[in-house]
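Protein chains: 2
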Amino acid sequence: MSQNQILQSLIAENLVSDPKGARGRLLKEAARLFREKGYERTTVRDLAAAVGIQSGSLFHHFRTKEEILKAVMVETIRLNTALMQAAMEAAETPKDKLRALVRAELESINGQTGEAMAVLVFEWRSLSADSQADVLELRDIYEALWLDVLGALRDQGRLLAEPFVVRRMLTGALSWTVTWYRPERGGLTLDGLTDQVMAMLGFPATP
Amino acid sequence: MSQNQILQSLIAENLVSDPKGARGRLLKEAARLFREKGYERTTVRDLAAAVGIQSGSLFHHFRTKEEILKAVMVETIRLNTALMQAAMEAAETPKDKLRALVRAELESINGQTGEAMAVLVFEWRSLSADSQADVLELRDIYEALWLDVLGALRDQGRLLAEPFVVRRMLTGALSWTVTWYRPERGGLTLDGLTDQVMAMLGFPATP
DNA sequence: GTCTATAGGGAGATAGAC
DNA sequence: GTCTATCTCCCTATAGAC
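As given, the protein sequences belong to chains A and B, one line each in that order.
According to this note's numbering, the residues represented by the first sequence are 3 to 209, in order.
According to this note's numbering, the residues represented by the second sequence are 3 to 209, in order.
Keep in mind that the hints are not guaranteed to be accurate.
[Unchecked claim] With a Cα cut of at most 30 Å, we get these calculated BS3-like pairs of lysine-lysine:
(1) B:72 x A:39
(2) B:30 x A:39
(3) A:30 x A:67
(4) B:67 x A:67
(5) B:39 x A:30
(6) B:39 x A:39
(7) A:39 x B:67
(8) B:67 x A:97
(9) B:39 x A:67
(10) B:67 x A:72
(11) B:30 x B:72
Just so you know, the hints here were simulated from the structure itself, not pulled from any lab data.
Fair warning: this is a prediction, and the values are worked out from it, not measured in the lab.
Generate the whole structure from the sequences, applying the supplied hints.
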């Protein structure tokens, strides 16, 4: 399945909003603004203006501003879990699966859903404790994918560190790329960056 | 020089505030609150209450709230640059120097200055563009230390990836530990965590 | 150097017309 | 489903007394 087909099927199941609809467009703009200015500095007036309505009208779609933040995060995790699963299925060996996961996460962070992924990392504290608990449940599915693959590499003796530590280090390292990686400025492509991450972990690029 | 001696000499040079003085205590509380609730959600009333004064009195010490954020960041970088330099001087080989840097940065992030280090990472966007430029200058000195060591390892053929990419990955990975690493809960000591990071990079622990 | 009091501005959210 | 109008609250920062 292509990335677009995955998105379409999630929309059909009502797990993520159609980016063409009113709700989907708002969430997309919200992700952009939250990433750019931070959740707190983004006002409901900013959000409304970004989709061309008045601030009062927002509250027809969402009860509170925080509900918007939560929706951005929930839909992002749902989409990316599906993308990761698809990326892994195409790979055969644990090493190839790891590469697929790294590549897919870098793509999530630096591609179309990058703004929402950055929000997930940097605006976490702005989410209420209750909402955090809900979102964490979804995250566990996603993390299990990684731990399986890293565990297999560890069993093969090709990974010297503990899988759960490596996963947490990679979470930080890959998320952080959003602050510095600029593919459009030339230099490093997404595949090149993936090669660098694999090389850092001791897996030389196979040309 | 011990860590405490380094701190004392920076205080003597007026490069960081004495934690016992009024300014130093405020900055320490500010770091704690900014880390806990975020800069935007922390009010000047919160800051004042944390040191037992009224909000209006704060503005006798700092002209604006943002000036407090900037001071937290500047003093943190100054202290940590000095700590890193000292940590490196004690090591001989590039590998040992890398370990010393990793250990020192993990200690900065998870030790006494951890709150301020986390603020540096997570509240960056809350700093005005002008202040960001000032702080970035200080950061360059700090980063050069890392690139020298990673470059030496690369020359030795013991590092497969590009030094500047590895440094950025490590910045993310090590900063991220602040969100999950809890030494007091047992399990992993700071040295153990350092070993894990080194192992991840392909340098087995030497017992 | 700290206090009290308050100015001045925006913030999130609501109500009811269309 | 969007508009206008507005409520209420709380934020940063200032002023002047002590």
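Problem - Violating hint indices (sorted, rising) - result: The structure conflicts with hint 8 only, although it agrees with all the remaining ones.
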